[in-house]
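Trainee: Two chains, two separate frames, one set of hints: put the complex together.
Each chain, letter by letter, is given below.
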Amino acid sequence: MAEQAQILPGTLDLLILKAVSLGPLHGYGVLLRIEQISQGALLVEQGALYPALFRLMRQGLLKANWGTSDNNRRAKFYELTSAGKKRLREESNDWNRLAAAIASALKAKPEEV
Amino acid sequence: MSLYSNLQAMLAAILRRSRAEHEMDEELRAHIGNRAEDLQRRGLSREEAERRARIEFGGYERFKEECREERGGFQLETVWSDVRYGARLLRKSPGFAAIAILTLALGIGANTAIFSVVHAILLRPLPYPQANRLTIIWSRWGNETRGPASGPELIELRRRSQSFEEIGGIWTSMGTITGIAEPEQVRLGFVTANFLPLLADKPEVGRFFAPGEDRSGAPAQMILTDGLWRRQFGANPDIIGKPARLNGGNFTVIGILPPDFRLLFPDGANVKADVQVYITFLDDLEKRERDTGFLRMIGRLRRGVTVKQAQSEAETIATQLRGEAKEYAEQSLHLTVASLQGEDVREAQPALLALFAAVGLVLLLTCANVANLLLARAGNRSHETALRAAMGAHKGRIVRQLLTENLLLGLLGGTAALGVGWAALKWILALQPPGIFRLIAVRLDGTVLAFTLLLSILTGILFGLAPALAMARGDLLEILKESGKTTATAKPWLRQLLIVSEVSLGCILLVGTGLMVRTLASLLRVDPGFRPEKLATFQISFPWSHYGSAEAINNFMQQFQANLAATPGTESVSAVSHLPLDEGLGNWYSYYWPDGAPVQQQNTVMADHRAVLPGYFHTLGATLLEGRDFTETDDAAHTHVAIVDDTLAADAWPGQSPLGKKLSIEDSPSGPFQFVRESVVIVGVVKHIQTHSLTSKGRAQVYVPEPLAPRPATTFVVRTRAPMETFAAYVKQEVRKLDKDMAIANLRPEQEYVDIARAQTRVVTVLAGALGVLALLLACIGIYGVTSYSVAQRNREIAIRLVVGAKFRDIRSMVLRQSGLPVMIGVLAGLLLAAALTPLLSGLLFGVRPNDPLTFAAISLIFGGVGLTACYLPARRTSRVDPIIALRCE
Chain E
399 MAEQAQILPG TLDLLILKAV SLGPLHGYGV LLRIEQISQG ALLVEQGALY
449 PALFRLMRQG LLKANWGTSD NNRRAKFYEL TSAGKKRLRE ESNDWNRLAA
499 AIASALKAKP EEV
Chain P
2 MSLYSNLQAM LAAILRRSRA EHEMDEELRA HIGNRAEDLQ RRGLSREEAE
52 RRARIEFGGY ERFKEECREE RGGFQLETVW SDVRYGARLL RKSPGFAAIA
102 ILTLALGIGA NTAIFSVVHA ILLRPLPYPQ ANRLTIIWSR WGNETRGPAS
152 GPELIELRRR SQSFEEIGGI WTSMGTITGI AEPEQVRLGF VTANFLPLLA
202 DKPEVGRFFA PGEDRSGAPA QMILTDGLWR RQFGANPDII GKPARLNGGN
252 FTVIGILPPD FRLLFPDGAN VKADVQVYIT FLDDLEKRER DTGFLRMIGR
302 LRRGVTVKQA QSEAETIATQ LRGEAKEYAE QSLHLTVASL QGEDVREAQP
352 ALLALFAAVG LVLLLTCANV ANLLLARAGN RSHETALRAA MGAHKGRIVR
402 QLLTENLLLG LLGGTAALGV GWAALKWILA LQPPGIFRLI AVRLDGTVLA
452 FTLLLSILTG ILFGLAPALA MARGDLLEIL KESGKTTATA KPWLRQLLIV
502 SEVSLGCILL VGTGLMVRTL ASLLRVDPGF RPEKLATFQI SFPWSHYGSA
552 EAINNFMQQF QANLAATPGT ESVSAVSHLP LDEGLGNWYS YYWPDGAPVQ
602 QQNTVMADHR AVLPGYFHTL GATLLEGRDF TETDDAAHTH VAIVDDTLAA
652 DAWPGQSPLG KKLSIEDSPS GPFQFVRESV VIVGVVKHIQ THSLTSKGRA
702 QVYVPEPLAP RPATTFVVRT RAPMETFAAY VKQEVRKLDK DMAIANLRPE
752 QEYVDIARAQ TRVVTVLAGA LGVLALLLAC IGIYGVTSYS VAQRNREIAI
802 RLVVGAKFRD IRSMVLRQSG LPVMIGVLAG LLLAAALTPL LSGLLFGVRP
852 NDPLTFAAIS LIFGGVGLTA CYLPARRTSR VDPIIALRCE
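Residue numbers (the working numbering), protein chains in the order written: chain E, 399 to 511; chain P, 2 to 891.
If we strip away everything but chain P, and leave its shape as in the complex, we get (with noise of 0.2 Å):
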């Protein structure tokens, strides 16, 4: 027959199945009953007639099932008839039904979980426009590879460029929104007029930046967030057109974002995802500095162009560039393209690609565990399967039966995975994973809830398979001649094999969970170089219009620190223009050198710049280790002084003390943001503290006093007994006293950014020690299985050699060597993947070497210890047989 009349017969065949069959029973009938009616005119009684005509018919469901397969067409009567089948044993054997049930409803389900965290945040296109064109451009100069670009260096890429449709850029800061019942600090976004419609198809309400609408003299005009609308406008759409007042000035609010708008930048490029308010950066940025970056640039590709073309074309128009401007000569400036999904992933990928290995191995073991138990039944059901093949089932007949049980365990097994799943997401949300993880909206869409089908019919398949084949390959005859005795017809040796794989998957799965643990407790144990606790911290940012000189912003911070200080509770106070590892501020970094270094040495090494008030060190609970803190005449009017943390004093002048000496750096004594390049007297060193994160060292360390560089917006730093309500109370008090209009923004305890800085690895050693309990779980459940159930077989023959002589003590030891050998096995072979496969997982790891001795020791004695009981435990249970009973049952 051919494919398409097949076909045919396959559709007609579903439509009008209940017809036919009914037709099908009807004819049958028809013939028995005209049968019976030819015998009793013979003379024969009813009754005899017809039970006469059952007979010579003979076997009538067999003749059915044979007129189905002739009929053709799809088998769904034979499908049907075996999941009603399967669901009628499944129902008989509740014990079993239910430990499949919940061994696969957690492996599958685990899955489920951390496949649509996968599928969110790695898999999924960024919730952008033509997202898979966009691209991240990073400047590189010096040490930095992922610096922001200056003004120029846009203006220029984007005119020489044949690769861009658009590039925008951003730079952001805090801005002080009044005119409203409450001064609020917002965080805001410079862009230029086409960085919107790069990232959003157009605002929920009124219009985005006109081209042009970012060169000077254009007019102050505001886009704001959903939120900020709601929030602070109460969602009223007239707002449209109307002025708002931002750092003291006029802008006419012209659109509101879409609500789902997100800013979703990689970690290292200082943009903020709660940027609340954009507008343009009112000048013309080919006229600014060439070497003062600060722009972040994204890229959206021509049709058909790659990132490698473009990679390719900036890297030209960088040479161009160097050979054009002294400054890019000398900061020897080079472009990245990237794809900004990519970039964004960046972080999260690893730990993410290792998580879903991982419970890629949990959901094998529980395969293993299924498969297990189906041996277990598939010795018991071998004489029903024996029987079946004597009535003439075919063979293809029996496997299909016993797949379609298999499938219909994986899918029931599958459909409680998903509140399994569903459970668990919500656990990992709650976790409060860091970072992207919180930005991207996760929850069990189609494509999760397809792959979980998926699964739930793989897993069917792969733990079916083995056991179906083992049952349908017995020897008829032998099973039949057996028949009575409870022999296995799987081969002992599939058992230990699935033992030994059980235990070797579960140590893999917990030696990364040790690694895990192990990184944890050395982050907990790093030292940051401060003291977090009891150290309350906030940020103030300066309106334009009131604070344009740097005198202004002065006289402000030494009042209010004055002020502050005085507040009941407070131990010291003091103030910093980037917060220990908090990310929120555009970073500020330059070179440094010492005074009188050659030519070459110069424009080489960068160190993160501070200014800080007087206190700062002592505030934050960091080392002085040489020289003194700065006072209230270090400022503008006398010498220039800095202080310097341990790296850079090894690094400038090793082997001397860094006192009195000179360094070349950038200040801005003038105001924010003019920056001059000066020479500065080192009057102390303190101990490095780390900035950025807690893992790595990052740069060297400038600290200069606030008045040589003015910012306009800095976090002050409380040390405090106050309680954090309390201690909020009297900031916002002071605050108003200076200044009505200024709003104080991120007012919370320094301890939460150290929590954040840890939150990755915390997520991933939480979920990774939830899978490796539920893998240790799995694999006792296994072993504990597979060890009862020989013994149970073994009834028999230890009732003979109990009788024959043996004692209980060395049947136990001879059950223990058989069970606890593939354990033992298991945990070697374990180990020695684990030790293969570890170095993958360096990248996640801190403070510990993958191939951790301590972790490899420690887990292969939990795993044999816990293995060795599970099989001890049935073992002991030896001692209960009694020889006579077990002989006379058999």
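Bound-form chain E, shown alone (with noise of 0.2 Å):
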């Protein structure tokens, strides 16, 4: 396994809603579904998963079904709200900027100030 970090706080929230707009998860799902798609490069804190979970739903972003999962167990699967795909892009593009911002900051040479 890569060596981890601990996600920044508020991230959290862009990571399940990126992870879940692959398609529906439930909450086990969406965990491996960060570690997967972060090359287990990203530490989620297993409990704290729901109460986002629960956040993003009252928010309107998530909404959830109550369906059976692979292994036949009765499992309660999130899925994107339009509402949530807005966000997600909104956020995306958010971060794709900050991170473009501070990388480029980072990168900055005593001779380019």
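No wet-lab data here; the hints were simulated from the structure.
Watch out, some of these pointers could steer you wrong.
Below are the DSSO-like pairs computed for lysine-lysine, each with C-alpha atoms no more than 30 Å apart in a straight line [said to hold, decoys possible]:
hint, chain 1, residue 1, chain 2, residue 2
1, P, 733, P, 535
2, P, 65, P, 93
3, E, 416, P, 65
4, P, 65, E, 484
5, P, 663, P, 698
6, P, 65, E, 461
7, P, 327, P, 662
8, P, 327, P, 288
9, P, 65, E, 483
10, P, 663, P, 688
11, P, 65, E, 474
Mentor: Rendered as structure tokens:
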């Protein structure tokens, strides 16, 4: 396993939205998907996932349905609402802009100042 | 989130609460299950996999709680878990719980009981249709402010007034119903046809009088109360339309009043609630004398008209009347319009408000006491709180938890208070409170329950807020560092302040109680002007048909007096038209002046007039100061004579003997109510007799021999050695001998009337006494608790002092000084506040000034003494401190 980094405060919601945008998932699935798409680089506190899921539900960004999981258990599947999709787009753009800005700032060399 | 969606979420959360809880649990468990399976697949043993899965997940309950918060809506789960936690804590300290709940039950319960009385009497509208528009209209003339109106007055007011929908009138007297098993004397209400419809929606059976059925020539009809109908006519509805015998005449029964009908008139109106038969006047009121007042008027205001508007209109009409007829001008007639409810409760209101205030003080004391207990517990729990804060609980969350606990305590106390209140109310009603108390249904109804609930919640917040904040504010690190040592977080000054306020509240209350006790004592000492012991009284009334003439009445009276005097055990017998302290018959009072007084002095001062048989003053035990008593020959045929009281004598002939002087008065030698003004010769002076109340002097008195003013109803007074039951048998037998159709009423000892006159003061004093004792008890528990606690807290300090050489005596006086000082300050503050407040009580006091030094001194001694004892008992315990043990414990 690669070295893991604690995720930044406030980014958990964005990661969940992204994970769910790739297809409906139950809670544990969200965790696995985040690990998968970050190649295991991001460490998510497992229990903290659920308050975040409930928060996103309340904000109307996610909706949930009870269904059956791969191992034939009853499970709650989350998917994005249209508001969720919109929010994911906006936040991804924001994040990319910010990340690009910070990356370029960090790349600065003495002679460029 | 908008308010609407918030509400929606809240509703949904409540409705689906258990399902949502269940699903959340399922979801979180599934996560851990899935994780464990994955870990197992990676080669861990099952137990190890499950353990790791749980560890990786983190605090299960904490995340559940966070989920609940994120889910939004009403946090019923949180509240419920707080309640359960609070209940568990209370169960764990049963001593604390019992004392707190008991204190609250007493404090809130006393409020429940007093409030149910206040609510029933002062707040709930009278049991009449459109009760808020009902007024009583008083006539004012001479020095009489709440007088009755004459017939023409009522008719003129009705004709001219725009403010009233209806104006009705009533006059009460006694009558005898015959033709039934045994003749029964009943109180009669003579009414205008519109009187009963003003006070009741409809009769239970039959009908009310129709308009015009109160005029001359209308048929003789009567309406009965439900009680009389059941007792004498077996509740038979066929009685409607049948004749019944009243005072020797035939009256057709046309209606029965509803069972809950109550005649609620103010005390001064001489309209007793026990009227059982209503008939109409059957003559034209406008043709009666303009200056003979007898009617009590009830008016219903038109919608939108205020009492003030009606009052100013009535005054305008009174002015017109004075300008139009000389009788009104001579009397200087005025009219007063007042709300019926306001007048009904006028007598009871000051006492009720005083009791309500007193019971409010008791509630504050209760709060202070429970707050004290909580502060002590807060000290013990500071470690727990700090630990919770350290584990990540928000301060708001901790305060909410504490408040929930306190509300739980308040509600438990409130529930117990309902039992206490119910019992207290039963006890209050068993004290037989006078007048209006007895007539209005007082009970624990929905409003009282709501009041108690509200009080429990407010109390919970009031006693809980300060300790909760004090606890939540505690510095985390400080507390954790000191863990193990029992250190209170609450500042000692907060406790001392609580003691000061408890003592001063208790002092105020006890001063009030003391003043009431002194009032009752002076009331018991007051000389009524007669000796009520062993004095039997009863009323007779003469049916008009057989006793139409003055002579018939006189003959009966004299014969009956002689016959009764011959019964065994009888010492003396006489009769009076109006018995002292009995307000059952309409008072008889009118103007008097010495013969030859200038015109402007005539029609200015009134005296109570009484017609008596010879021997009245002797029988009553009154004091004849000068002259002689009446004799059998003082009748209409001889010189007309009178006896006056010392008040009148001093007013009419100051400095002279009134014997032989002539006085102008009204009497009626030719028959009941046929008043004429004439001049009588004074033959005696009697010491003033308290006739209407024990506390106020009342009008001067004129006594005339019975033949000069025969009355349709009169009261016999008999000084007898025979027991009441034996005496009653003699009376019935003697009455039957003279007239088999005559009934007697109100056979009772005069002492009963005296007791009734003292009843309000007695009841208020007993209640104030109960509250005073409760206050003293609560304050003592508070002082004792705080002192014991602070001694326990300071064990270590005391031990060190002892080790370095202090004596037990020094320690004791140190504890006494520190706890005794707030007690003394409290007493002082209480006395000062009481001195400022007691003038409000002056209306309830008699024979004692509101700033009575004796009461103040006694209360400060009692409170100071008891308070210091409550400090001393725990202080004494310091001598049991063993320094070695105390130091090792810490």
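Trainee: Run through the hints listed earlier and report the numbers of any the structure violates, in increasing order.
Mentor: none
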